[in-house]
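Novice: The listed protein sequences derive, respectively, from chains A and B. 337 is the number that the numbering used here gives to position 338 of the first sequence; each next residue is one higher, with no gaps. 110 is the number that the numbering used here gives to position 111 of the second sequence; each next residue is one higher, with no gaps.
In case anyone wonders, no lab produced these hints; they're calculated from the structure. These numbers were taken from a predicted model, which means no experiment stands behind them. Even glycine gets a Cβ: it sits at the ideal position worked out from N, Cα and C. Treat the hints loosely; a few may be bogus.
[What the hints assert, rightly or not] Where chain B lies over chain A, by a calculated footprint (3+ residues, C-beta under 8 Å): (1) 19 to 33; (2) 48 to 60; (3) 239 to 248; (4) 330 to 341.
2 protein chains.
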Amino acid sequence: MKNPAARFAVQSLGASRIREVANVGIGRADVLPFWFGEPDEVTPAFIRDAAKQALDAGDTFYTHNLGLPQLREAISHYLSALHGPIATERIAVTSSGVSALMLVSQLIVNPGDRVVAVTPLWPNLIEIPKILGAEMVQVPLQFGHTWELDMQRLLDALTPGTRAVYLNSPNNPTGWVITRAQQEVILAHCRRHGIWIMADDVYERLVYDTAGGQACAPSFLDLATPEDRIISANSFSKSWLMTGWRLGWLAAPAGMMADLGKLIEYNTSCAPGFVQRAGIVAVEHGAEIIAHSVTRYQTARDFLYERLNALPRILSPKPKGAMYLFFRVDGERDTLALCKQLVREAGLGLAPGSAFGPEGEGYVRWCFASSLERLDEGARRLARFLEDR
Amino acid sequence: MKNPAARFAVQSLGASRIREVANVGIGRADVLPFWFGEPDEVTPAFIRDAAKQALDAGDTFYTHNLGLPQLREAISHYLSALHGPIATERIAVTSSGVSALMLVSQLIVNPGDRVVAVTPLWPNLIEIPKILGAEMVQVPLQFGHTWELDMQRLLDALTPGTRAVYLNSPNNPTGWVITRAQQEVILAHCRRHGIWIMADDVYERLVYDTAGGQACAPSFLDLATPEDRIISANSFSKSWLMTGWRLGWLAAPAGMMADLGKLIEYNTSCAPGFVQRAGIVAVEHGAEIIAHSVTRYQTARDFLYERLNALPRILSPKPKGAMYLFFRVDGERDTLALCKQLVREAGLGLAPGSAFGPEGEGYVRWCFASSLERLDEGARRLARFLEDR
Chain A
0 MKNPAARFAV QSLGASRIRE VANVGIGRAD VLPFWFGEPD EVTPAFIRDA
50 AKQALDAGDT FYTHNLGLPQ LREAISHYLS ALHGPIATER IAVTSSGVSA
100 LMLVSQLIVN PGDRVVAVTP LWPNLIEIPK ILGAEMVQVP LQFGHTWELD
150 MQRLLDALTP GTRAVYLNSP NNPTGWVITR AQQEVILAHC RRHGIWIMAD
200 DVYERLVYDT AGGQACAPSF LDLATPEDRI ISANSFSKSW LMTGWRLGWL
250 AAPAGMMADL GKLIEYNTSC APGFVQRAGI VAVEHGAEII AHSVTRYQTA
300 RDFLYERLNA LPRILSPKPK GAMYLFFRVD GERDTLALCK QLVREAGLGL
350 APGSAFGPEG EGYVRWCFAS SLERLDEGAR RLARFLEDR
Chain B
0 MKNPAARFAV QSLGASRIRE VANVGIGRAD VLPFWFGEPD EVTPAFIRDA
50 AKQALDAGDT FYTHNLGLPQ LREAISHYLS ALHGPIATER IAVTSSGVSA
100 LMLVSQLIVN PGDRVVAVTP LWPNLIEIPK ILGAEMVQVP LQFGHTWELD
150 MQRLLDALTP GTRAVYLNSP NNPTGWVITR AQQEVILAHC RRHGIWIMAD
200 DVYERLVYDT AGGQACAPSF LDLATPEDRI ISANSFSKSW LMTGWRLGWL
250 AAPAGMMADL GKLIEYNTSC APGFVQRAGI VAVEHGAEII AHSVTRYQTA
300 RDFLYERLNA LPRILSPKPK GAMYLFFRVD GERDTLALCK QLVREAGLGL
350 APGSAFGPEG EGYVRWCFAS SLERLDEGAR RLARFLEDR
C-alpha cells in the first residue's frame, strides 16, 4: 500500500541514502561499517554508572520541560568556560541534538519562510525545515585543496526577508570549519536584516591541529549578545560518546525559553531523568573523554588521509574538524551505486556523497572515529576494489 | 525580551495552566500534588534492571529508527493478544507517547487541514495539530450523570474534507470511555469520507468495574483492517509505571512505516537502546503491574468519589477509565484562580478544568493514582478549604 495520507512535505522527503546503502549489508557480519556518524567506543563507565544509580534511586518520573535545573546549570558552566557567560536561563535540555534542531525550526520557521543552508550538509538539517514548510536555499561550499565558503555567495543568498541561516561547523560531512572572521561578517549582515542564525555546534569540540584540551571551534556564541538572534544546538553524542542516549541542548535568547518549554512539552515533554543525571556527570567530569577522542581521531584522520590519498583516483582534503573524510573518487557520477557495490563486493560500508545534497555527488564519506586496525583493513579493501575494477 | 521570532502557531499556544498552578507551589514541601497525570509509584525493579543490564552490556549506540526489532515484535504480540493480529511491520517505537502524537500529526496533517477533536482533552492533543497549522474543531462531551458523547454532533462536525478526528478514550481528563457501538458508527462514517482516526490509547488498560486481568477499553484496532486509516498511539507511561522513560509506540498501516521512519529520524532518530530493552521486559512480563495498578486505582477512585461527593458544592461522576476524577465545583467560574488559591491556602495541588479547553471551565481534575492515605489527607484539606470559604 502506498501511503495515501502523506503530508505534502513528507512525500518529498528523501529516504536516507546512507540507510539505503546500509540495507545492502544487512545480515552480513563481514562488512566493515564506516557509514554512520557514530564513534565505535562504548560510553565511559562512570557516565553509565550515574544513570544506573539514578535508576536505583527511583528517578523514573517526569522532569521539568526545560530539563533538570542541575543539568541546565552544569551546561551553563561548561559553555561559559568555552564561550564566555551563557546564563542557565538560556539553556534548554532536549531529547537529542536532532530534537533540538526540530524544536528550533518549530520555533522560528513559518510555512513559506526562506531558510538558507550551507551545503553539503547532514540531510536532517535540510529536511527538518522542509517538514515545516520552509523554502530551502542551498549555498554550496567550494571544493579546492580544502572546502571553502564563498562569502559573497552566502551574503547574496541572505536577502532581506530571509528567515534564518542554518550553519553546521565543524561540518558533517566535509570537516569544513568556519573562521572567526567569517562569523563576524555573517553576524553583522544577519543583525542588519533580522535573520536568525541557527548554529549546529555538535562537533565544536572535535577540532584538530590545535592545542587540545579546551580546544573548541569558533562559535557564534563567542560573539553574540544574550539577545542576538542566535540559537546554538548541541548534543552529548559526539563529545562524550553518548550517541544512543538521545540527549542534547539549546542555547538561545532567554526570551524564547517560555515558548521552547511549551514546544518541548508537545514534542517529548522531557528527556528521561536518569539520562539527564548521566548528562550532568558527563558535562562536569568529561574533559578527559573529549581529550581522548580528539587525540584518537586526529591520529585516525592522519592515518586514513595518507592511505586514501595514496590510492589512484582518490583525492581527499584533510578536514579540520568533525570525524569524516569526504573524498572525491575521480570519474564517479553515481556514488550511491558505488557505495552499494563496495558493500557487496568489498565488504566496505561508506556513505554516498549525494546523501548530503546534490553538491555532494562524486564524493564519499568515511567516518574515521574508529581503530587504526579497522581503518587499515578498510583502506586495504578499498585499494583492492579499485585495482580490480 | 519578548520573543521576536515566534512562529505564528507558537505565539497562540497556551502556556500550560496546570504548570501555572504548580508554579505557585514551587519550594513548598507541604503541598500535596495531584495535578499531574503521573502515578506515584517508582518503575518496578525488574524493568529498571533490564535497562541497567543493557548499560552494563554497552548498549549505548543508535538503534533502528523504527525501534529494536525485538521490541517491535514484543509490542506486536502484546497488541495482537488484546486486539487481534497486529503485525510487527505495523509497529513503530517512539520517544514517548507525546512524540508518537507529534509524528502522526506531522505525517497526516497539512497546514489549513480541518481536524476534529472530542473535548475536554489533554491539551497536547489540541496544540500539536495547531503547531502544524491545522484548523481545530472541538466537539464537547455532554455532562450529566457521566460524560457522554453526542454522536450526531460529532458526525455533523466530521464533514467531507475533514482530515482527521482525534479521540482519546479512556479520556484524560473526564474518564469517558467510548463504546464499541460508537466506534462502529464513527469508523463507518470516516471510511465513507476518507477521514483519519487518530486514537490516543494510552489509558486503554486502565478501565474499571471489569473482569480485570486482560481487561482493555474498546479500541478501533479491534475493528480495523490493516489498511484502514486508523493510527493508534500508545505509551509505556501509564500501563507500566514508566512516565519518566519517554517510551511509546504507534500502530499504523504498514504502508506508512517508511515515511514514519523518516520522520522519526528527523524528530529524535530513535529511543535509547537501553530504554527499549526495559520496554521489552515491561511488555513481555508486565501483566501483573497492570493488574496491580487497576486494582489500586479502582479502590482509589471509589474512595475519592465517595469523599468528594459528600462535600457541599461538589459533583463528581464516577469515571470508567483513566486515573482522574473530573468534578464540578458549583458556582466556580474561574477554576484557575481556585486551584491557585487551593495551593496557597490549603496546600492542595489540583488541575484547573480550563486547562483542558473552554468546556472544562467549572471543573477540577484530581489524579487519583496515589495512596489512600494521601487521598484522604487531600480530601480533608479540600473539605476544610470549602468550609472556611
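Novice: Looking at the structure, which of the earlier hints fail to hold?
Specialist: 1 and 4
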